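Engineer: From first to last, the protein sequence lines are chains A and B.
Per my numbering, the first sequence starts with residue 1, numbered consecutively.
Per my numbering, the second sequence starts with residue 244, numbered consecutively.
These are calculated hints, taken from the structure and not from any lab test.
Fair warning: this is a prediction, and the values are worked out from it, not measured in the lab.
Glycine included, every Cβ here is placed at the ideal spot set by N, Cα and C.
Some clues are possibly wrong.
Ranges between beta-carbon positions, derived for each pair [to be verified]: (1) A:39 to B:382: 42 to 52 Å; (2) B:366 to A:20: 51 to 61 Å; (3) A:185 to B:291: 56 to 66 Å; (4) B:312 to A:47: 49 to 59 Å; (5) B:292 to A:85: 44 to 54 Å; (6) A:85 to B:311: 32 to 42 Å; (7) A:85 to B:313: 41 to 51 Å; (8) A:4 to B:382: 37 to 47 Å; (9) B:327 to A:85: 43 to 53 Å; (10) B:382 to A:85: 36 to 46 Å; (11) A:40 to B:380: 33 to 43 Å.
List time: in silico DSS-like cross-link candidates among lysine-lysine, alpha-carbon distance up to 30 Å [as the list claims (entries may be wrong)]: (12) B:396 to B:374; (13) A:6 to B:396; (14) B:420 to A:8; (15) A:8 to B:296; (16) B:424 to B:296; (17) B:433 to A:8; (18) A:8 to B:428; (19) B:428 to A:6; (20) A:57 to B:300; (21) B:396 to B:433.
Residues of chain B placed beyond 10 Å of chain A at every Cβ, according to the derived structure [what the hints assert, rightly or not]: (22) 248; (23) 269; (24) 311; (25) 316; (26) 330; (27) 332; (28) 390; (29) 391; (30) 402.
The lines below spell out each chain.
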Amino acid sequence: MDMEDKSKLMDYLYNEMSPEEIVEFEKELASSPELREELEEMRHTLGMLGEYQEEEKVAPVFLLPERKKSSGIWWKTGLSVAASLLLVLFLAAFAGMQLQMKGDTWVLSFSKNPPPPATNFQDMSALEQRLRALETQQSYANSTTKETVNLNKDTLEQIIHALQKTQNEQLQLALKGVRAEQQEDLQTAILTLFELLDQRRQEDLVLIARSLQEVQDNSEELFFQTDELLGQIIMAMNTQNSK
Amino acid sequence: MPKGEIQESWIRLAREGNTEAFNKLAGSCYHRIFHFCMKYFGDEDEAWDCTQKTFIKVYEKLPELREEGRFLPWIYTIAGNYCKEYLRSTAKLRHLPLEGILTPELEDQIKLERGADKLQRGNELNYWIEKALQSIPEDQRVVVIMKEYEGFKFHEIASILGQSENTVKSRLYYGLKALRKCFEKWNITKDELGYGYGR
Chain A
1 MDMEDKSKLM DYLYNEMSPE EIVEFEKELA SSPELREELE EMRHTLGMLG
51 EYQEEEKVAP VFLLPERKKS SGIWWKTGLS VAASLLLVLF LAAFAGMQLQ
101 MKGDTWVLSF SKNPPPPATN FQDMSALEQR LRALETQQSY ANSTTKETVN
151 LNKDTLEQII HALQKTQNEQ LQLALKGVRA EQQEDLQTAI LTLFELLDQR
201 RQEDLVLIAR SLQEVQDNSE ELFFQTDELL GQIIMAMNTQ NSK
Chain B
244 MPKGEIQESW IRLAREGNTE AFNKLAGSCY HRIFHFCMKY FGDEDEAWDC
294 TQKTFIKVYE KLPELREEGR FLPWIYTIAG NYCKEYLRST AKLRHLPLEG
344 ILTPELEDQI KLERGADKLQ RGNELNYWIE KALQSIPEDQ RVVVIMKEYE
394 GFKFHEIASI LGQSENTVKS RLYYGLKALR KCFEKWNITK DELGYGYGR
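Extracted from the complex, chain A is given alone in its bound form (with noise of 0.2 Å):
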């Protein structure tokens, strides 16, 4: 038997033939001995197979994490993006930033000073004049920014120094307090120590009081009790002896 012949013989027992394929199936099962107890063979296995019985199984619950929902995300991404352009806003308005459309130009400019007029630089003076511009223009914002850091760190030493005197003032202060604590805990401790010993003692005392009463209660029990018996021993001698 060949392979396309075990193909079609899947094909037939598990019904996934057209009807066409059926009979011309069944033609060749007719002439085919061998075919006829393959099949046979095949749906006693089958027949086998299906005995299997399924216990029921039950899901239990699963107990999953929340999914994030893209919603959140995007809602998230574009406030991220709003915040990037009011910072990028802000940055631009500290540093004089200024956009200006001067004919068929635009200009970008980072200083207080009115930008340079819009040239297309056709010829050799409108490129002399820009120069100079840049020139007044470069000077100008280098006097500018010396002057802001000088200020800049004259206000931050003052600042660094208000900062260290008022953390030291603090620091003192905290650790006089939690030395004055401490002292207090200790006399605390030291007094409660002493409670506790004097306690004890007392308690050690009034034991070895109760114990001595017990042992001189026993004691003098145990003395009545061997007078007692020599008394008897005595008497049962002298009966002993009168006999």
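Could you slot chain B onto chain A? The hints should help.
Structural biologist: Below, chain B alone, put in the same frame as chain A:
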């Protein structure tokens, strides 16, 4: 709604993270996946373990499933992969050399007791069918289970396993032949099973 039917709305909701819908979805096909694994391993603990892993994977990967109608073949692909992976990872343990440790008599006794334990829990024929399925090659076993018990069409099995239809049919043919040989060797017939086992 018939038992075990899967509603596409559950798949859609579960994909969005709705745990209740996921539990309904899992409830509708848990039994099928468990028994697929059970026949694959012939061991309840291993079947349970792989079923759990399958459903956790399903939850994680559900957003990637584009067509709701492909859910069943998709979940069987996951379960099949887990079973194969599990079998590979435990292959060394399954073939630990016991020669010199166990005597043949002791091995027979263990086998007998294991079988008896299973028989106490269920049908006797189930035990022999599971045992027969374990003794045929893994690639044939998967096809037999999917065709005979899960009722997939040949083209669906081919799609799940990533094989051609002819390969699937060939594996099924040889798988059924091997099972037949097993039953003959152990002298198992439906009629005789009422008289106990131990042949």
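Engineer: Each hint: holds or not?
Structural biologist: Here is what the structure says about each hint:
no.: 1; hint: A:39 to B:382: 42 to 52 Å; result: violated, 23 Å
no.: 2; hint: B:366 to A:20: 51 to 61 Å; result: violated, 41 Å
no.: 3; hint: A:185 to B:291: 56 to 66 Å; result: holds, 59 Å
no.: 4; hint: B:312 to A:47: 49 to 59 Å; result: violated, 32 Å
no.: 5; hint: B:292 to A:85: 44 to 54 Å; result: holds, 52 Å
no.: 6; hint: A:85 to B:311: 32 to 42 Å; result: holds, 40 Å
no.: 7; hint: A:85 to B:313: 41 to 51 Å; result: holds, 43 Å
no.: 8; hint: A:4 to B:382: 37 to 47 Å; result: violated, 21 Å
no.: 9; hint: B:327 to A:85: 43 to 53 Å; result: holds, 52 Å
no.: 10; hint: B:382 to A:85: 36 to 46 Å; result: violated, 59 Å
no.: 11; hint: A:40 to B:380: 33 to 43 Å; result: violated, 24 Å
no.: 12; hint: B:396 to B:374; result: holds, 25 Å
no.: 13; hint: A:6 to B:396; result: holds, 16 Å
no.: 14; hint: B:420 to A:8; result: holds, 15 Å
no.: 15; hint: A:8 to B:296; result: violated, 37 Å
no.: 16; hint: B:424 to B:296; result: violated, 34 Å
no.: 17; hint: B:433 to A:8; result: holds, 27 Å
no.: 18; hint: A:8 to B:428; result: holds, 27 Å
no.: 19; hint: B:428 to A:6; result: holds, 23 Å
no.: 20; hint: A:57 to B:300; result: holds, 20 Å
no.: 21; hint: B:396 to B:433; result: holds, 27 Å
no.: 22; hint: 248; result: holds, 14 Å
no.: 23; hint: 269; result: violated, 5 Å
no.: 24; hint: 311; result: holds, 17 Å
no.: 25; hint: 316; result: holds, 17 Å
no.: 26; hint: 330; result: holds, 20 Å
no.: 27; hint: 332; result: holds, 24 Å
no.: 28; hint: 390; result: violated, 7 Å
no.: 29; hint: 391; result: violated, 5 Å
no.: 30; hint: 402; result: holds, 15 Å
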